[in-house]
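Participant: One-letter residues, chain by chain:
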Amino acid sequence: MSSNGKRKPKIGVFKFASCDGCQLSLLDAEDELLAVAGAVEIAYFPEATRAELKGPYDICLVEGSIITHHDAERVQEVRRKCKTLVTIGACATAGGIQALRNWKDVDEMVRMVYATPQFISTLKMSTPVAEHVEVDFELRGCPINKYHLIELISATLIGRKPNIPTYSVCIECKRKMNVCLSVARGIACLGPATQAGCGALCPSFDRGCFGCYGPMESANTASLTEQFRILGQTDEEISRAFRGFNAWAWQFRKASEECEKR
Amino acid sequence: MRTGASRTIRVDTLARVEGEGALLINMSGERVTDVKLKIYEPPRLFEAFLRGRHYSEAPDITSRICGICPIAYQMSAVHAIERALRIHIDPAVRLLRRLFYCGEWIESHALHVYMLHAPDFLGYQDAIAMARDHKEVVERALRLKKIGNRLVQVLGGREIHPISAAIGGFHKVPSKQQLAELVEDLEWALEASLETVRFTATLPFPNFEQDYEFVALRHPDEYPFNEGRLVSNRGLNIDAAEYEDHFRELHVKHSNALHSVIRGRSSYLVGPLARFNLNFDKLPQVAQKAALEAKLPPPVKNPFRSIIVRAVELIFACHEALRAIREYEPPAAAHVELPKRSGTGWAITEAPRGILYHSYTFDENGLIQNAKIVPPTSQNQKRIEDDLRDYAATLVAWPLDEATWKCEQAIRNYDPCISCATHFLKLRIEKDPESA
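Chains as they are written, first to last, in my numbering: chain A, 1 to 262; chain B, 1 to 436.
If we strip away everything but chain A, and leave its shape as in the complex, we get:
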């Protein structure tokens, strides 16, 4: 076991349909990387190393959504090999931007992009990892916050719950003393319904939040939709706003579908 102090806990990093950005966050933790590598055994992380240690792994970081039959089987194997499975990022946690296919005819999309569509093998839906296997913890974000990742690894190693905020981006804005873009300037902002984690980046750069961290626990999307209408947004625009990198997260999905139905 990892707690006996003899064997370093093994970490595996697995990738499905994604941009690689969330696992890159680990390499982007320049100040912490060598310390992390000292505390754990990086047992499987193809983006960084040729070396490969066999499972089981103590912590698996899983990036990406499931969009092929092969990956739907592979994610089961990954689950069998790991003690704690953590999804990292919007793709693994909510299906990612590629979940926009879930409202469309995938065969037609494939024909649009590919010259020989009959050779393409892909699923009709892009689904989060939790729709396939049990997930122990989800790290939100497109991309994730690298400090959340370090916190998650540290917390898991000592057996406590990671301290990751679940409140909305609005709280982060207030802490930074940002003037509310929506109230003061009439800019549509997903902040009230979006989970914190980025540090209210977009409002700090004079633009509305576009929901990278997905819906917060108690997102009031109905009220936010109404606010967007007051600001002059059309149903089509509101639907598009909810259909971003976390489009398939149920709260955002429901909100976009309600706008579409009107």
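To be clear, the hints were calculated from the coordinates, so they are not data collected in a lab. These figures come from a predicted structure and were not determined experimentally. Where hints are given, some of them may not hold.
Residues on chain B that point at chain A, a partial pick, calculated with CB under 8 Å [as the list claims (entries may be wrong)]:
| no. | residue |
| --- | --- |
| 1 | Arg44 |
| 2 | Leu142 |
| 3 | Gly157 |
C-beta atoms are modelled at their ideal positions from N, C-alpha and C, and glycine is treated no differently.
Could you slot chain B onto chain A? The hints should help.
Facilitator: This is chain B only, laid out in the frame that chain A set:
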């Protein structure tokens, strides 16, 4: 070794590349009979779901094609759409975009040179293992990478998928003071880049040269980022709007992937080697001098030496970033007003790995009707296989595991980004069409 026998070099999961790929080389005696760089990264269909989205969303959406070079996607997208809208950006915005790109080149090249590629030359599985024997080298790498990332963070809010790029400019531009705070680090980074050239020049290189067609942007006054004509050493000289007239994507059965070729010719090479060979005269003196001291006069035709060329580009990026910061005066407005009109626009910019082509057509409401994206790795893919075909033939006498590692290293010469590649790569699972 077993020179008469047939053997297979096989790597099921290519490591130290971005994304998922595999390699298969079949050899019969001294002859390489088949080379397959397989891409099994799943297709995410970006070009299809961009249809119906507003053009203002394209920079943020397309940046999600690649977590390693999101700025490249944002830059090609904003320039293509600005061309369609027929708007012109403020010169200060133009300068800031160059600075933004410098940050991405610094973090991406530092990552590749030290953490993905150098371990091959020195015989380590990864940079962490390398750090045990060469701690100061890896620490230099991490600090250099961090400085590139910090530059991106100041301009764009965060390193991966920054949020400030906008059609017509930026959502918000930095103050002179914010940029001035980066100068000290960048001065250190410039010195560290010079050291990187000296370090990479000492690595062992196989004696292997190829006759490439190099393709890169060329600008009359600058080493290229966002502007210029697309040129090659074999007479290509075109505007981005003509790209699709000159380049084709082939469905090649043996490779499971779509290959870009120049019409009427064949494979070509994009990226640091091409930029360096075609634009050496536009590099600042300090970078030219370092290259010549490292015995690297253009044209460089040994792909393994691309690691030194990336280091030379690190010098350029740090030098250029310092220049941009010195000259920067904030623009009157962060972005220009956008007219309401339909249009078609094209752009090519220089991602760390080579040229990235975007084109968009949108209607008068700004909704995208057609999008096309051709990333650098798709363009290099055929070239990588061509390299491997010739290179593997030189490894016949090598033990299989060493030959395999050498072939992996040859792929990593290109810093391939398979995640990028797959939105265009016509991924093909081998099976009968009837059973599909």
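Participant: None of the hints should be skipped; say for each whether it holds.
Facilitator: Here's how the hints hold up against the structure:
no. : hint   : in the structure
1   : Arg44  : holds, 4 Å
2   : Leu142 : holds, 4 Å
3   : Gly157 : holds, 4 Å
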